[in-house]
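Chemist: Sequence:
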Amino acid sequence: MTKTKEEPMRRFTPLAIVLVIGIILWFVLAPPRFWLNMTKSVTPSAATGEQLVVEYNCRQCHRIGGEGALKAPDLTGITQRAGDPALVDLRLWLRNPKAVKPNTAMPNFHLSDSEIEAILLYLTALDSQGS
Numbered sequence: 005m006t007k008t009k010e011e012p013m014r015r016f017t018p019l020a021i022v023l024v025i026g027i028i029l030w031f032v033l034a035p036p037r038f039w040l041n042m043t044k045s046v047t048p049s050a051a052t053g054e055q056l057v058v059e060y061n062c063r064q065c066h067r068i069g070g071e072g073a074l075k076a077p078d079l080t081g082i083t084q085r086a087g088d089p090a091l092v093d094l095r096l097w098l099r100n101p102k103a104v105k106p107n108t109a110m111p112n113f114h115l116s117d118s119e120i121e122a123i124l125l126y127l128t129a130l131d132s133q134g135s
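For the sequence shown, the numbering used here begins at 5 and goes up steadily by one.
Keep in mind that a hint or two might mislead.
[As the list claims (entries may be wrong)] Result set (DSS-like, lysine-lysine): computed pairs, CA atoms no more than 25 Å apart in a straight line: (1) K75 / K105; (2) K75 / K102; (3) K44 / K102.
Derived by calculation from the structure, the hints in this document are not laboratory data.
This structure is a prediction, so every number in the text was calculated from the model and none was measured.
All chains, full assembly: derive it from the sequences and hints.
Modeler: Here you go:
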């Protein structure tokens, strides 16, 4: 029995397909930070943050600026209550809530760093208007 040049290729093809599917699943289910920052980049501003709060439907669970549900914490005044001038804890929370509190009901929205910055600028602007 002689081996043809096609035999190694036949063994390689299923492996390549599995590898490609695995990479695609990884990028969809748990996108790496560099990919999020490339594909979901926004110009951070309070206006952009307000748009993102609407886009991600944050008020479905949170009250923000007197509007929204109370299924989750009221975010009105959160940037002043946090006791964290650099908002490090809020940044970590928005980056991956389950990494901070594993049993949280809040989903990971896979926000880019610029989206997080925009949302925090919006919350900070709301909080400074209220004080």
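Chemist: For each hint, tell me whether it holds in the structure or not.
Modeler: Evaluation of the provided hints:
The suggested pairing of K75 with K105 holds, with an alpha-carbon distance near 17 Å, which does not exceed 25 Å. For the proposed pair K75 and K102, the alpha carbon gap of about 17 Å is at most 25 Å, so the pair holds. Of the supplied pair hints, the one linking K44 and K102 holds, its CA atoms being roughly 21 Å apart against a limit of 25 Å.
In summary, the structure agrees with every hint in the numbered list given earlier.
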